[in-house]
Each structure stands twice: as C-alpha cells, then as structure tokens.
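Novice: Protein chains in written order, with the numbering used here: chain A, 3 to 516; chain B, 2 to 226.
Source of the hints: derived by calculation from the structure; they are not laboratory data.
Warning: the hint list may mix true and false statements.
[Claimed, not checked] Examples of chain B residues lying across from chain A (beta carbon under 10 Å, computed):
| # | residue |
| --- | --- |
| 1 | Thr48 |
| 2 | Asp57 |
| 3 | Phe91 |
| 4 | Val111 |
| 5 | Arg156 |
Cβ atoms here follow ideal geometry from the backbone N, Cα and C, with glycine treated the same way.
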Amino acid sequence: MQWIDLLRLPLAALAQQKMRTCLTTLGVVFGAFVLAASLSINEGVQQTIERESSKGNIARKVTVSPRWRGNDNKTKDDVKVAGRMSPDRRERIRKILAERSRQGGSGQEHIALTRDRLDTLSRIPHVAQMVPIVGGAVVATLGNRPEEASVSSGAGEDPGFCKRIVAGRAFDSEDERSILLSEMFAHRIGLVDDVDLDQVIGKPLRVEIRRQVNGPSFNVSLVDRAKAGGGKDEDSALRQLAWQIPGALDRLSLTDEEIAALRKAIRQESTQSDPALVVDDFRVIGVFRELTDDEKKEAWSQFPAHTDLVLPRQTAVDLALRDPVWREDGIVQTVLFVDDMRNVKEVVDKVEALGLGTRSIVEMIERERLTYLLIFGGMTCVAGIALLVSALGIANTMLMSVLERRREIGIMKAVGATNWHLQAFFVIEGALIGLTGGSLGLLLAWSVSFPGDAWVHSMVHKDMKIYLSGSIFAFPNWIAATVLLFTVGATILAALYPARRAAMVDPVSALRHD
Amino acid sequence: MAIRAVEVRKVYGAKGAQVEALRGISIEVAEGERVALLGKSGSGKSTLLNLLGGLDRPSSGQLSVGGRDLDQLSMREMARFRSTTVGMIFQSFNLIASRTAVENVELPMVFAGRSRRDRLAAARQALEAVGLGARLNHRSHEMSGGESQRVAVARALVNRPRVVLADEPTGNLDSHTARHVMDLILDHVREHAATLVLVTHDEELAATCTDRVVRLVDGQIIDGV
Ligand SMILES: Nc1ncnc2c1ncn2[C@@H]1O[C@H](COP(=O)(O)OP(=O)(O)OP(=O)(O)O)[C@@H](O)[C@H]1O
Ligand SMILES: [Mg+2]
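With the rest of the complex left out, here is chain A:
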C-alpha cells in the first residue's frame, strides 16, 4: 500500500460524514483556541513586561528609602505583667505589651539616608550611579521678593529634560551652583513677558531652608482669616502681602517713628521664631516648562513634575545636608542605577541587609508574576478540559463509526487490508481532525488577538495611564508547534481504541448476508 493512500482513504471517510466531521472538529477548535490564547498571552505578557521595563533605565533602577528597624533584642520575657491572674491571661497580655514596646519607637532604630550611608550605597558592587533625591519647601528670594517655593534636585540623568528648557540652558554638571526656574513659578512671581524670562537669566536667587514657612508672624490674623473663609488664591495673595510688607513700609503713609517701630518688631519676630537654617545664593541659568500631555504618556519619565525650582543633584544634597536636622535624619530617597538588570536582585539584597527599604520594577514584577501564573494556569486548565472533552467526543463518534462501517471494514479485509492498515486509517482520521481543529483554533486565536490586544491596550491606558508598545499576544513558532502537538496527540489518543476495535472486526461475520 502506498503512503498517499493511507491519507486518501481516511480523508474520503471524513468527507463522507461532513456534518459529523465538522462537529467533532469544532470541539478540537475550541480546545486549541483556548490553549493557543493562553500560551500566547503568557508569552506576550512576559515579552511586554521585558519590553516595557527595558525602556530607559527603569529596569535597572532601585529606589532606596529610610526605614524603621525593630529592635529584636527586647523579647517578651523582659516584660513583666503584675497582678494575680491566670497564666493564660498573663501570657496574652505580656505578648501584646511586648509587641507594643517593640513598635513604640524606643526599641526601634531609624535607618536614615545620611551622608555616610549614601557613600556606603554608592560603593555597593554593580551600582553604576547613585542619584540622591532631595526636595521640599524653601523660601526663594529673587531680587527683594521672598516667595515660598518647592525645590527638587536633578533631572541631569534624564536626556528628555533638555527639551523642556524654554530659556537659558540646562545644567552642565551635578554640582554647579546654578538653579532652574519653572515657567509657572516665573509667572507667579511676576515674570509674565517673554523678555522677562530672558532677563532673569544670570540673576542671583537666594534659597533659604526654614523650619516653618509661615511668613512674618504679624500676619497670623490674616492667615487665620484666609483659613476661615478665603480660598487658596486669597491665602497665597495674603501671604504674598505679608512677605512684601516689610519692604514696602516706606511707601505706606506712616510716620518715620512708626516705620522704625514696625521694622524693629518684624525683625525681632522673624529672627526669633523663623530663623533661616541654611541660606545660599544660586545663579538662575534657565527656565523650564511643565510636561506636555504627550510626555506624560511616557509613563516612566515624569520627573520632575510640579516643582518650582530645580537644583543640580549634588548641589541640592550639599545644601540639604547643611541643615542639622537633615544631616541627622538623612534625605528622603536615593535612586541606585544598577549596571545590569540581572544584578538588581543582588543589589536589592545588599541594600536591605543595611536595613533600608527598596523599591524596584523587578521586585514588583516578581510579585505580579503569581497573579498571571494563576490566570495562565486557569486558562490552561480550561484548555485541557476542552481538549479532553473533545477527545472523548471523538472517541465516541469514531466508535460509532466503526460499528456503522463494520461491513466496509470486512470488505476491506476481504480484498487485502491488514489489521495494521485499518488501525492506521482510524488513527489518521483522528490525527487529521486534530490537525485541522488545531490549525483552525490557532488561526482563530491569532485573529482574535488583534481586537483583544486593542481592548487590553485601552484598558491599560485607562487604568494605569500607560501606553503599551507592541502586542500582549505573542505567536512564536513554538506555540503553534505545542498547540498542534497537544491537539493531534489528544485526537490520536482518542482514536486509538476505536482503531483497535476496527482492526478486530471479524470479516466473516461482517460479510455474512444481512
């Protein structure tokens, strides 16, 4: 018998029962579809995560923050519970008290990001760059106009930041004594015309770190009034007024004695209650604009956003650490850039060993992995069940078809078919159903992946404000191979028993006249 006939005869038999073939194949199509979709999403999500996290340095970034570390030396045995009570109750109370005393600060150690610790961090192997993040409220004085302002450090490492400079230039080095203004801040302090922006370049700007930025104390009642009824605008206008009053005393209709008395009072108040802890002068070298809507879609590069002033990294850290409180409490955050994504885990472990807190995309992905492993597992189970059910259906219909075709099988044997031939016919019938169903299922999954992908993209954008690039469905060749392997395997297994039955048909009784 020729090989091509081993294919031709089963095909003819399948064509004979078109409806039945279609229905059995449909079951396989469904199973293959779910399996293909599940494998494809699993692969696609992994690829997407890798793709998204390798955008920029995000995957190599470890954010380090200070942390309170519990003092474990203090065990509950040190806690004594007085009173006559049952041992059980004493034990319960002692346990709670011990826990409280552990949490209650005295037993805890603050692991701060001090200068020493920053040095230690920067010397950890595989740390390519350390970028300390400092920021907060300061009083900025341009000319004779003091103004509350928020200051951030940095943006030197973000190449996209240069695009946001609208006047002057960006920083050349991490420690130059320069400062950048935001367009909005400039507008707020009265630099409204375009020429004003050009003229402010090169001007000195004084930055003061104070404990409280309440402004001169004589305006307490004004502030209270604002708090009681006025809005935000009124509040800041009143504060502005309070800041400017000392400089504008001359222009008010007051006698010289009155002016002298007020000056004295104001100076005393402000030096007593609101001393500037650190004062420094910087040169304005440029003005930057806020992020455009398009830039905001680039999810990972939103820093610095909504800040009034930007200092170079090192300059900012130096300024902050001149404040004794900062020096002791350390800075809020520092970012480590690891030389390679694969070393992130090692660096994270080293940093955690120091007692500091860490955050990294790699860790976040590790945590999310469980979620999608569960989803993937669930879908694969559904696919498995669908394949099992369709395999049972195939076994059933084939068994029926063996009974129906008993005479045909007898005739084939009478004219020279071996048992092996008949077995092969049925197994090949099964394999053909598996192959067709598997291919159609794959095709279906592939065509559904386009609208599916669009849907996921819009969902992700809506929920997380991230524009994913590329598809979350991936169809590498191995997925097609696996799906076909499983469907053909399942249908061949299903066909084995009916095929054995076909081979066992006794030609003599099958051919006996009806």
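Got chain A sorted already, so can you dock chain B with the ligands onto it with the hints?
Specialist: Okay, now just chain B with the ligands, sitting in the frame of chain A:
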C-alpha cells in the same frame, strides 16, 4: 493453482454452545479445475469457502493453496494472499455503498500497492470488460442487482487472481443476468487457467459450468471427492 484440504474442521462459538460447521473435510482441486459445492443451507459451504479465501483459519486440519500452507502465512502474507491470489464473489455483492464503481474495483489494487494512475486505468478496463463502461461513477444504490454483481466480479478479477471463489454469485439474480455474470467469471477462469470453486444451489448451473460437483451434508463431504 491447486487447492488441497486435509481433515479440515471448523468449530464456531464458545464452549458449551459450539457449532461444528465443518467436520473433517478433505478435498483436492487441481490447477485450472472448476468445482461446484452443493449442499443444503447450513451445510458449511460458505464456511469452507471463507477458509479457502483466507478470511478465516480452520480450527484444525491443513489447507494449502498453490502449494503454500495457509497455516504458515503471517497476517500480512494472508492479507496479500487475499488481495492478489484469490478473488471472492458473494451472493450479496458486498460493495462499499458510499464508493463509486471505480472506487470499489480500485480497492484490491490499493492494498496490493499499485499506483493510483495504474489502478484507475485497470479499474476502468475491468468495468468496461463487464459491460459497465457507462456506470463508472455510480454508487451501488444507483445500480441494479445485476450491475452491482458485475462490479463485484470486476473487483474480484481485477488483480488477475489464480483462484476464484464464488459464493452463490447468481443467487439474487434472474436467470438471464445470472447467465451473463457466470459467463464473465468463466471467461476469466478460462483465460487465466484459474481454479474455480463455485457454491450454488442450482444443480443445472453446477452441471453446465463446472467440471466436478462436490456435495456437503452437515459439514462433511459425501460425494465427489
Ligand atoms: N460465526 C458463526 N458463529 C456460529 N455459528 C456459525 C457462524 N458462521 C456459521 N455458523 C454455523 O455454521 C454452519 C454452517 O454455516 P454456513 O454459512 O457455512 O452454511 P451454508 O452452507 O453456507 O448455508 P447457506 O446455503 O444458507 O449459505 C451453520 O449451522 C451456521 O449456523
Ligand atoms: Mg452460505
């Protein structure tokens, strides 16, 4: 090809409900001889024919066709024997209903491993030879009994078998058609010097078409050995 059976027995059924269809049949048919098997219904004629055609194996005794002991043949060789050495014709035609005439005739050649082109040509020729050149692509339910049996004859003879076994080939046909079908079989036998074993109830047919008549009663030969 010569046929030789020695003390052949065939028992059907399991212990307790056994039917002894053949009880020690010994017979010799020379090459090119035409033998008629006569006997009442249930006497074991079909059983003997099926054993000779290799569709079944005897419970005991020896069977050889063309000097080859059928007992010694493997399953595979037996299948080959069925497709090329013997041609069997049945009373109820036994065509595959869902296949056309050509496809039915083609079937023995498929298992004999001949190429499709070859097969189609040979099948067409065989069908033309039995006068069905115009019915090539008809299915059996689209044909009369006589036509169906002619297709069956074409199928049995297409591989040029040296042994033809016919089990009441004309049992379902009118006398005129029966004569036509018998002539087709006899022509082949004569042309290829084939051996013919013909099972029939028709004494006259047996007398006119065969060289010798063998009578079976209850699974035993009583006459014509
Ligand atoms: N598969 C079987 N199982 C049990 N008994 C069987 C089987 N096949 C045949 N027999 C029995 O064997 C005996 C011979 O049957 P066989 O078919 O050979 O008779 P026959 O001579 O061909 O009769 P007919 O002229 O009616 O065709 C019968 O009694 C029959 O009941
Ligand atoms: Mg019979």
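Novice: Each hint should be assessed against the structure and marked as holding or not.
Specialist: Results of checking the hints against the structure:
| no. | hint | result |
| --- | --- | --- |
| 1 | Thr48 | holds, 8 Å |
| 2 | Asp57 | holds, 5 Å |
| 3 | Phe91 | holds, 6 Å |
| 4 | Val111 | holds, 5 Å |
| 5 | Arg156 | holds, 7 Å |
Checked against the numbered hints listed earlier, the structure breaks none of them; every hint is satisfied.
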